[in-house]
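Chains as they are written, first to last, in the numbering used here: chain A, 122 to 655; chain B, 10 to 204.
Hints are not guaranteed to be accurate.
[Unchecked claim] Below, a sample of chain A positions facing chain B; criterion: calculated Cβ distance under 10 angstroms: (1) Q170; (2) K173; (3) A174; (4) Y209; (5) I213; (6) S473; (7) R478; (8) N628.
Just so you know, the hints here were simulated from the structure itself, not pulled from any lab data. Just so you know, these numbers come straight off a predicted model, no measurement behind them. Beta carbons are placed, not taken as given, at the ideal position from N, Cα and C, and that holds for glycine.
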Amino acid sequence: MTQAEIKLCSLLLQEHFGEIVEKIGVHLIRTGSQPLRVIAHDTGTSLDQVKKALCVLVQHNLVSYQVHKRGVVEYEAQCSRVLRMLRYPRYIYTTKTLYSDTGELIVEELLLNGKLTMSAVVKKVADRLTETMEDGKTMDYAEVSNTFVRLADTHFVQRCPSVPTTENSDPGPPPPAPALVINEKDMYLVPKLSLIGKGKRRRSSDEDAAGEPKAKRPKHTTDNKEPIPDDGIYWQANLDRFHQHFRDQAIVSAVANRMDQTSSEIVRTMLRMSEITTSSSAPFTQPLSSNEIFRSLPVGYNISKQVLDQYLTLLADDPLEFVGKSGDSGGGMYVINLHKALASLATATLESVVQERFGSRCARIFRLVLQKKHLEQKQVEDFAMIPAKEAKDMLYKMLSENFISLQEIPKTPDHAPSRTFYLYTVNILAAARMLLHRCYKSIANLIERRQFETKENKRLLEKSQRVEAIIASMQATGAEEAQLQEIEEMITAPERQQLETLKRNVNKLDASEIQVDETIFLLESYIECTMKRL
Amino acid sequence: MASRGGGRGRGRGQLTFNMEAVGIGKGDALPPPTLQPSPLFPPLEFRPVPLPSGEEGEYVLALKQELRGAMRQLPYFIRPAVPKRDWRRLPRELKIRVRKLQKERITILLPKRPPKTSEDKEETIQKLETLEKKEEEVTSEEDEEKEEEEEKEEEEEEEYDEEEHEEETDYIMSYFDNGEDFGGDSDDNMDEAIY
Numbered sequence: 122m123t124q125a126e127i128k129l130c131s132l133l134l135q136e137h138f139g140e141i142v143e144k145i146g147v148h149l150i151r152t153g154s155q156p157l158r159v160i161a162h163d164t165g166t167s168l169d170q171v172k173k174a175l176c177v178l179v180q181h182n183l184v185s186y187q188v189h190k191r192g193v194v195e196y197e198a199q200c201s202r203v204l205r206m207l208r209y210p211r212y213i214y215t216t217k218t219l220y221s222d223t224g225e226l227i228v229e230e231l232l233l234n235g236k237l238t239m240s241a242v243v244k245k246v247a248d249r250l251t252e253t254m255e256d257g258k259t260m261d262y263a264e265v266s267n268t269f270v271r272l273a274d275t276h277f278v279q280r281c282p283s284v285p286t287t288e289n290s291d292p293g294p295p296p297p298a299p300a301l302v303i304n305e306k307d308m309y310l311v312p313k314l315s316l317i318g319k320g321k322r323r324r325s326s327d328e329d330a331a332g333e334p335k336a337k338r339p340k341h342t343t344d345n346k347e348p349i350p351d352d353g354i355y356w357q358a359n360l361d362r363f364h365q366h367f368r369d370q371a372i373v374s375a376v377a378n379r380m381d382q383t384s385s386e387i388v389r390t391m392l393r394m395s396e397i398t399t400s401s402s403a404p405f406t407q408p409l410s411s412n413e414i415f416r417s418l419p420v421g422y423n424i425s426k427q428v429l430d431q432y433l434t435l436l437a438d439d440p441l442e443f444v445g446k447s448g449d450s451g452g453g454m455y456v457i458n459l460h461k462a463l464a465s466l467a468t469a470t471l472e473s474v475v476q477e478r479f480g481s482r483c484a485r486i487f488r489l490v491l492q493k494k495h496l497e498q499k500q501v502e503d504f505a506m507i508p509a510k511e512a513k514d515m516l517y518k519m520l521s522e523n524f525i526s527l528q529e530i531p532k533t534p535d536h537a538p539s540r541t542f543y544l545y546t547v548n549i550l551a552a553a554r555m556l557l558h559r560c561y562k563s564i565a566n567l568i569e570r571r572q573f574e575t576k577e578n579k580r581l582l583e584k585s586q587r588v589e590a591i592i593a594s595m596q597a598t599g600a601e602e603a604q605l606q607e608i609e610e611m612i613t614a615p616e617r618q619q620l621e622t623l624k625r626n627v628n629k630l631d632a633s634e635i636q637v638d639e640t641i642f643l644l645e646s647y648i649e650c651t652m653k654r655l
Numbered sequence: 010m011a012s013r014g015g016g017r018g019r020g021r022g023q024l025t026f027n028m029e030a031v032g033i034g035k036g037d038a039l040p041p042p043t044l045q046p047s048p049l050f051p052p053l054e055f056r057p058v059p060l061p062s063g064e065e066g067e068y069v070l071a072l073k074q075e076l077r078g079a080m081r082q083l084p085y086f087i088r089p090a091v092p093k094r095d096w097r098r099l100p101r102e103l104k105i106r107v108r109k110l111q112k113e114r115i116t117i118l119l120p121k122r123p124p125k126t127s128e129d130k131e132e133t134i135q136k137l138e139t140l141e142k143k144e145e146e147v148t149s150e151e152d153e154e155k156e157e158e159e160e161k162e163e164e165e166e167e168e169y170d171e172e173e174h175e176e177e178t179d180y181i182m183s184y185f186d187n188g189e190d191f192g193g194d195s196d197d198n199m200d201e202a203i204y
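Looking at chain B on its own, in the form it has when it is part of the complex (with noise of 0.2 angstroms):
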């Protein structure tokens, strides 16, 4: 304990290693102290070495942005929904209310192989697009700040309603519900804006 007054004792100022085995012999120069952080990019001594260029490397990066390109065009890709809108402000008709379709579709989707939805989702990509104009006009006053990406979740409503009507069956979708939804989804309030 006497031994540390702060630093004032005999042994002050001596390192618990041999400078000399790590290399800093005695009377060196010790490099200048570190006074700011280092700096973010730190400078590059040695310039890299070049891509590789040529046929294969060409093919493959053509390659490699085409497939980047076409992901986003598939079904795959889900597009974040967009906040619900005030349905006092327009006209009712542009609102669809295919709710109780919309949950059967989608608890029938899991079990099942998923081919089946991207089949349904490539079969209506062209109607998801001609609406998505007729949408765009009527909604474009609103969503001025918006960004140009969104789906909007009316039309994944429309495609499912498109596929009531695709069916050709006799019976609404609502027929083949057994049931097992009917208030267990109730934390999925439509009314107010989650998204």
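So here's chain A without its partners, still in its complex pose (with noise of 0.2 angstroms):
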């Protein structure tokens, strides 16, 4: 774990779960697995504090445990699950346009809270919905189930590895830490269950809990008496399913971006189709068949299967590979090449950065190197048409910062300098790599800048919560309108401009966090996908 990937870890655990569990997260982070008390003495935090931060942190599938031998736990974080709690909103948005509101707030829930079981994401999401609708209006339970059902089928939620259960029951001293296992054909199995029941408003739920004493049982249904169907079956947002489908949704528009909106639809139908046959790091898809293609197009696309084979044709010879040809049979099978698309698309991302950070002629240079693999320093300055010395600074600044590279090749076996090739080449591994690592540093100053910027603005924005707190209450009273007004006044115009710019910029940091996290995602896909290669 690189330094700039820890402090970003230290700043979101720090912002979503408060300061004892980063302390103790950073710690596992950066020792790797520890038992509970070495944890304990090692943060200097007390046992109990320490207690419940992995309680914490297991549920959220933060960190995992391990019994090792003497019965010793240990406990092991994993950083890049940390990580992915910057892309939160961009897994709820995703739901929620495959599977509208029910949707997005049932992956929300599992999201914030680890893990369910079933009937309390339903019973909470029917809650929710049930506020936002219109009075008298609830939202029913089944409703509800069939989303959850329809996600599961779809992969997006799965099941979290369970208790095994024991046939001999040996009465031996249980073990430290349950050893939890999962069947790959029951992740997905939705257990038979019928809920059955309607959303209900806060106030009506308020008195139904107050009045259900319970003994030592489990309190997750206070409507129902009867055991919970599903105690012990508990579910989390699948997130590699969701990182395969931003994958897709990145080609389909890379295609979209390159030639026109029906090829990205043919693209589109191919990874559909391939959804379910192909596992999320094949290097390329299951080969389809033209014909295969043409019968799965959606319904409102109507071209003809020459004109489907034309653009199948002209996807196959783009340079950019995205849509190989493996073969003639069916009207010529077809296979979409993820690892090359994947690395097609970091390259692109490489190219951006260099225009947008040195300019369109260094892009032009860092182009041209890309293109033709290896360059001298004088070839550089004829291919590019850009005069010596420009082209001489702007291959220094690029080398600098660590996007082009120099390969010697050296004339005689003792390496002299002066009898040695230095070409320019671009390793783009390690270009995509160092890239990686400053949007880490990128995220971590984002993040830092705006808990800055709040924490100076906080007697104010503290201020005008209290404020507006004061007039929805004397709205709720019917006060006059003459006393809101006073009420109002009590921010002066300039407070309420500095509110608005305080306003402005952290929107603009939470936006920049958000993009960042994009271009994260691309590289990280591709790194993870060239690894598997080598």
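Grab the two chains, each in its own frame, and use the hints to assemble them into the complex.
Right, here's the structure in full:
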């Protein structure tokens, strides 16, 4: 874990879970897997605080545990999973576009709570939806359950590993930590629940909850007195599936930008057909015949078979090689080269960064070196048609920032510098790693700046919140217009201005974080798939 | 050894590589020497591209801010504990002695599934808020410099105390204690201000 990643994890944990969890989490990320008492001793926090923090971290799948010999349980943090917290809004928004508000709220509840049983999710979501509906209408549990089942079928949510059921009840002491197992087939199996009920508004649910004294039984359901049918079956959001979806989206939009809408629709159809047959880390999809593609095109598109074939040929001949032709049977077998597509996207990101940071002439040189793989100083000047002095300057700037590297080719065995070729080259994997590292640093800076801005204006923010609360309560009790006006004037005009500026800045910083996270996703996917290939 | 006489020998001023290969021709002026460290924020030559705006961008932005706020309210957000008070100066009734209860609760927590904790906490959040207000009134003169976000540990002790009342069992919680904590947690000395 690089320092930049650790810093970013620390900021994210602190913002979402507080300082204690942050301290424990960062300590675990730094030092690897450790048992409970060692953590408490090294961080100097009390044992019960450490226990609470670890509970929270395990609940959110950020820390895993393992029983080692002699019954010692060791905890290990997953740094990359912590960094996923940046992407939560994107996951939720994607679900909204696919499954509308119900799906959005299901995924939001799962992400906010880490793991939940299906009945708990359905109840929470139904309550939330009922709140937003008009008076008198309620949300039925069945509808929410249906959306949940659809999400499970398309693998967007998955079951967590569960406690194994032991057939023989051995009287020995239970193990210090359960060894959770999950069967591949069961991962998306929805338990047969008959969830009958409707969402409740907050007022009525309070009355119900207060009148339910319970013995030492779980307090999940306060409405029905039966034991929960799916106790022990917990669900979590399947982040890999979301990543697969993002990757597909990126490829489709790249094709749309490069060619036209129809070709992007064809590529989207091909990807959709391969969703189930291809694993997410495969280098290319299963071959699809042109006839199959023709049959699976969306209904609104009536292009003829020949036009489809022409498009496919065009796509296969494109130098970017998103689509490849793997055979001629069935009217032509076509595959989508996922790894090549990711590599092209990462390269395009690099080019774009060079262009925005150094200018378009630098970008020209960069693209030239990318294309020709290795070039000497003189050749760069000639091919790029840029005067020598400027070309030199630009090359050195890019070299110092590690976008370009030098390759030495000695003429003589003694590697004498005067008799060595120095060639400029772009090592895409190394440059991608460097850029990824910079992205982590950028987001850490953005978060820090946002926290700083908020802290600077804390007094003003609190004042405005108090005023809003006063106005809201006065409106509820029916105050006059003049009184409301008076309260509103408690915030002076320059203060209002300051608040506006603050809001604008915080929004800008937040939007930048989201933007950088998209770049991080592309680069991480590319690095991951390249490492698998090596 | 003789040729290394402080840089005054024959080979003085020669570089190990051919300058022309790297692109510095003979007679070209070298760039001026740098006499200070590079500036903290180098001048920005090109303005950044504008951020994506539009419905999707704004929705995701609003979602992000909402999530941030929501996570602070959830029970998973653990607030740092407040240092121990000096109990000699305060009325005795304000101190809750449920040490046994607290320890025992927590040792059960870990092996079981955490959702139980969250459910318990959710139900007592309302009670915590009222208690917080009461606590603040009493100890406000001592806490003038302290930050507002501190949640007192007495309240967490209160929370477990409420559990005892809520459970409606006939036995106090220490009845269920199987004695394995006894003497084992002496490292957590409550009388000293550790935090």
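Each hint, compared with the structure:
For the restraint placing Q170 of chain A at the interface with chain B, the shortest Cβ-Cβ distance is roughly 7 angstroms, inside the 10 angstroms limit, so the hint holds. With 10 angstroms as the threshold, the beta carbon of K173 of chain A comes within range of chain B, its nearest partner Cβ sitting at about 6 angstroms, so the hint holds. Interface hint status for A174 of chain A: upheld, as the beta-carbon distance to the closest one in chain B is roughly 6 angstroms, under 10 angstroms. Given hint, Y209 of chain A at the interface with chain B, holds; its Cβ is 6 angstroms from that chain's nearest Cβ, closer than 10 angstroms.
Proximity of I213 of chain A to chain B holds as hinted, the smallest CB-CB distance being about 6 angstroms (cut-off 10 angstroms). The closest approach between the C-beta of S473 of chain A and any C-beta of chain B is roughly 9 angstroms, which is under the 10 angstroms cut-off, so the hint is satisfied. Evaluation of the R478 of chain A hint against chain B yields a held restraint, the C-beta minimum of about 7 angstroms falling below 10 angstroms. Look at N628 of chain A: its Cβ gets to within about 6 angstroms of chain B, closer than 10 angstroms, so that hint holds up.
In the structure shown, no violation is registered for any of the earlier numbered hints.
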